[in-house]
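Note that the protein sequences, when read in sequence, are chains A and U.
Quick note: the first sequence uses the working numbering, first residue -19, plus one each step.
Quick note: the second sequence uses the working numbering, first residue 849, plus one each step.
Hints are supplied without guarantee of correctness; some may be wrong.
Using C-beta positions, here's what the derived DEER-type ranges look like [as the list claims (entries may be wrong)]:
{"id": "1", "chain 1": "A", "residue 1": "Asp1", "chain 2": "U", "residue 2": "Gln1074", "range": "32 to 38 Å"}
{"id": "2", "chain 1": "A", "residue 1": "Arg5", "chain 2": "U", "residue 2": "Gln1158", "range": "47 to 53 Å"}
{"id": "3", "chain 1": "U", "residue 1": "Arg1079", "chain 2": "A", "residue 2": "Arg13", "range": "17 to 23 Å"}
{"id": "4", "chain 1": "A", "residue 1": "Arg5", "chain 2": "U", "residue 2": "Gln878", "range": "37 to 43 Å"}
{"id": "5", "chain 1": "U", "residue 1": "Lys1015", "chain 2": "A", "residue 2": "Glu44", "range": "28 to 34 Å"}
{"id": "6", "chain 1": "U", "residue 1": "Ala1040", "chain 2": "A", "residue 2": "Arg13", "range": "44 to 50 Å"}
{"id": "7", "chain 1": "A", "residue 1": "Asp1", "chain 2": "U", "residue 2": "Arg1079", "range": "41 to 47 Å"}
{"id": "8", "chain 1": "U", "residue 1": "Glu1163", "chain 2": "A", "residue 2": "Glu44", "range": "33 to 39 Å"}
{"id": "9", "chain 1": "A", "residue 1": "Arg13", "chain 2": "U", "residue 2": "Glu915", "range": "54 to 60 Å"}
{"id": "10", "chain 1": "U", "residue 1": "Ala1175", "chain 2": "A", "residue 2": "Arg13", "range": "34 to 40 Å"}
{"id": "11", "chain 1": "U", "residue 1": "Gly876", "chain 2": "A", "residue 2": "Glu44", "range": "31 to 37 Å"}
{"id": "12", "chain 1": "A", "residue 1": "Arg13", "chain 2": "U", "residue 2": "Lys1009", "range": "36 to 42 Å"}
{"id": "13", "chain 1": "U", "residue 1": "Glu964", "chain 2": "A", "residue 2": "Glu45", "range": "15 to 21 Å"}
Result set (DSS-like, lysine-lysine): computed pairs, CA atoms no more than 25 Å apart in a straight line [stated by the list, open to error]:
{"id": "14", "chain 1": "U", "residue 1": "Lys938", "chain 2": "U", "residue 2": "Lys920"}
{"id": "15", "chain 1": "U", "residue 1": "Lys920", "chain 2": "U", "residue 2": "Lys1015"}
{"id": "16", "chain 1": "U", "residue 1": "Lys986", "chain 2": "A", "residue 2": "Lys30"}
{"id": "17", "chain 1": "A", "residue 1": "Lys30", "chain 2": "U", "residue 2": "Lys1098"}
{"id": "18", "chain 1": "U", "residue 1": "Lys1098", "chain 2": "U", "residue 2": "Lys1191"}
{"id": "19", "chain 1": "U", "residue 1": "Lys1098", "chain 2": "U", "residue 2": "Lys1036"}
{"id": "20", "chain 1": "U", "residue 1": "Lys960", "chain 2": "U", "residue 2": "Lys986"}
{"id": "21", "chain 1": "U", "residue 1": "Lys920", "chain 2": "A", "residue 2": "Lys35"}
{"id": "22", "chain 1": "U", "residue 1": "Lys854", "chain 2": "U", "residue 2": "Lys1009"}
To be clear, the hints were calculated from the coordinates, so they are not data collected in a lab.
Backbone N, C-alpha and C fix where the C-beta goes; we use that ideal spot for every residue, glycine too.
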Amino acid sequence: MEQELDARRILCPLPVIRTQDAVARLSPGDVLRVIATDPGVVYDIPAWCKVHGHKVLAIEEGREEICLTIEVGG
Amino acid sequence: MTQPRKAIALISGGLDSMLAARVVQEQGVQVEGINFFTGFCVEGHTHAIRAKDRARPKRNNALWVAEQLGIKLHIVDVIEEYKQVLLNPKHGYGANLNPCLDCKVFMVAKAKQWIEEQGFDFIITGEVIGQRPMSQRKSTMPVVARESGAEDLLLRPLCAKNLPETKPEREGWVERARLYDFSGRSRKPQMALAARFGFEEYAQPAGGCCFLTDANYAVKLNDLWQHRGSRDYELDDIMLLKVGRHLRPKPHFKLIIGREEGENRFLEGYRRQFTHLKTLSHTGPMVLIEGQVGAADLELAARITARFSQGRDAEAVKVEIDDNQGAPRTLEVRPLHNDDIPKAWYL
C-alpha cells in the first residue's frame, strides 16, 4: 500500500510526529510519501526512521517542497 | 532467560537526559526515549527559518541523542493538554512564563501513563538536585514523583544516591552502587561522565530548550493575551511569536514582519488567514496584520512595510495589500522614517 502525508507549513518536530502517526497505521512493506516544507525534515525524518527501523527510499528536494519516500520496517 | 526490564527515558536533547539514559542502558535495561512537544520547544528548525542561522545544525537534538544512544524515540504531541499547564500552573512561574515544576510533573505523569499502556517498568529522567532553580531542587524531587503519580517508579540515575531508594533499585533491576550522586549547578561531573561514555558532542545544557524561559517571547505572549482579552492560544499563535519582527502600532492591530527570505516564506503560508502586505516596487518583507484594521491603519501598515523594504529611502514605494476578500489592491506610500517608529511599538 502507498500513502501520502501532507506535512507542509508545519515545523519540526510536527512533520516527524505526523509521520510517526501515519506509520503506526501502516504495515511492514507499505510506502509512505511525506511532503513537507520545513528543511529540517531531511535530517529529522531519516533520523526517526533509523531509530525505528524504517527505510528512507528517496529524498527529493525542490525549491519549495521536500518529498521523502519511506518504506515501513518490520 | 529472563526478559530485560524496560524503561522509558525523558529525552530533552540535552546532556543530562542523554547521560541518565546511558547509565541505565549500561546496566542491561532496555531503554526507549520519549520527548514531548509542547509547541514552545526551541528547535533548530525554528531558527533555521532564518537564512542567517543556516550554518547551525538544523537537527532535532532529541532525535540526535536517540541516534547516539541507539534507542527508539517516541515524540508525543501534547500541545492541547499543555495549555492547562501553562495557563494555570499550580506551582507558579519562574522568571518569565516558564511553569517549570508543573511542566516536569506533567511530563512525568504522561510518561507514567505511557509505561502503563506499553508495559514498561519504570521512568528515567536526567534531573539533578540543585541543577535548576525552580524545578530541580531537593524539595521538588518528591513533589514531581508524588504529583505525577510515578512515585517510586521514577529513577533519577544522575542523583539517585542522594535520594531515597526507588523500586528499580530495591528490586535489583538496577544497581544503586552504579548510579550517581551529582548535585548543584556545576556541569563538571556531567562532562566527566560524558567523556567516560565517549560523548564528544552534545547540545548545550538545559534551560534554553523552551521559549517560555525567554523574556522577549514572554513579552510577546503576554501582549497577545492582553489584546485578545483572554489567556488562550492556538498552535499558530505561538509559532508566529517565534518568527519575524512584531510591531504593535495601535492597540487593535499588530504587524508580523519577515526579516529575511526564510521567514517571508514561512509567513507566506499564513497569507490566507491574515490580511497581508508586500512591496511591489522594491524587494521587501512579507507582512501579516493581526487584528481588525481600517483604511488609515492599512496606510500606516503599508508605510511600515515600505520602511522595512529595500525602498526605505525612496520617495515612494508600491505596496500590495490583500485582505483575502477579492483582488489585492496597491497603495503607493512614503516609507515611514525610522524616527517615526517609536520603540514602544516593537514587542
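Against the structure, the hints come out as follows:
Between Asp1(A) and Gln1074(U) the beta carbon distance is about 35 Å. The supplied range of 32 to 38 Å therefore holds. Look at Arg5(A) against Gln1158(U): about 48 Å separates their beta carbons, and that is inside 47 to 53 Å. A hinted range of 17 to 23 Å for the beta carbons of Arg1079(U) and Arg13(A) is inconsistent with their spacing of about 40 Å. Look at Arg5(A) against Gln878(U): about 25 Å separates their beta carbons, and that is not inside 37 to 43 Å.
The beta-carbon spacing between Lys1015(U) and Glu44(A), approximately 52 Å, falls outside the hinted interval of 28 to 34 Å. Remark: the range hint 44 to 50 Å for Ala1040(U) to Arg13(A) is upheld by a beta-carbon distance near 46 Å. Distance hint check: the CB atoms of Asp1(A) and Arg1079(U) are about 29 Å apart, inconsistent with the given range 41 to 47 Å. One distance hint, 33 to 39 Å for the beta-carbon pair Glu1163(U) and Glu44(A), holds here, with the actual separation near 34 Å.
For the hinted restraint 54 to 60 Å between Arg13(A) and Glu915(U), the CB-CB distance of approximately 23 Å leaves it violated. One distance hint, 34 to 40 Å for the beta-carbon pair Ala1175(U) and Arg13(A), holds here, with the actual separation near 35 Å. At about 48 Å, the beta-carbon gap between Gly876(U) and Glu44(A) misses the expected band of 31 to 37 Å. Here the CB-CB span from Arg13(A) to Lys1009(U) is close to 50 Å, at odds with the stated 36 to 42 Å.
A beta carbon spacing of about 40 Å between Glu964(U) and Glu45(A) contradicts the range 15 to 21 Å that was offered as a hint. Between Lys938(U) and Lys920(U) the CA atoms are separated by roughly 32 Å; this puts the pair beyond 25 Å, and the hint is violated. Distance hint between Lys920(U) and Lys1015(U) is fulfilled; the C-alpha atoms sit about 24 Å from each other, no more than 25 Å. Annotation: proposed proximity of Lys986(U) to Lys30(A) is violated, straight-line Cα distance about 38 Å (limit 25 Å).
Distance restraint check for Lys30(A) and Lys1098(U): the Cα-Cα separation of roughly 50 Å exceeds the 25 Å cut-off, and the hinted pair is therefore not satisfied. Proposed proximity of Lys1098(U) and Lys1191(U) is supported: the alpha carbons are some 13 Å apart, at most 25 Å. The straight-line distance between the Cα atoms of Lys1098(U) and Lys1036(U) is roughly 50 Å, outside the 25 Å bound, and the hint therefore fails. Restraint check: the Cα-Cα separation between Lys960(U) and Lys986(U) comes to about 21 Å, which is no more than 25 Å; the hinted pair holds.
Distance check on the hinted pair: Lys920(U) and Lys35(A) sit about 14 Å apart at the alpha-carbon level, within 25 Å; holds. With a C-alpha separation of about 21 Å, the suggested pairing of Lys854(U) with Lys1009(U) holds against the 25 Å cut-off.
The structure shown violates the earlier hints numbered 3, 4, 5, 7, 9, 11, 12, 13, 14, 16, 17 and 19.
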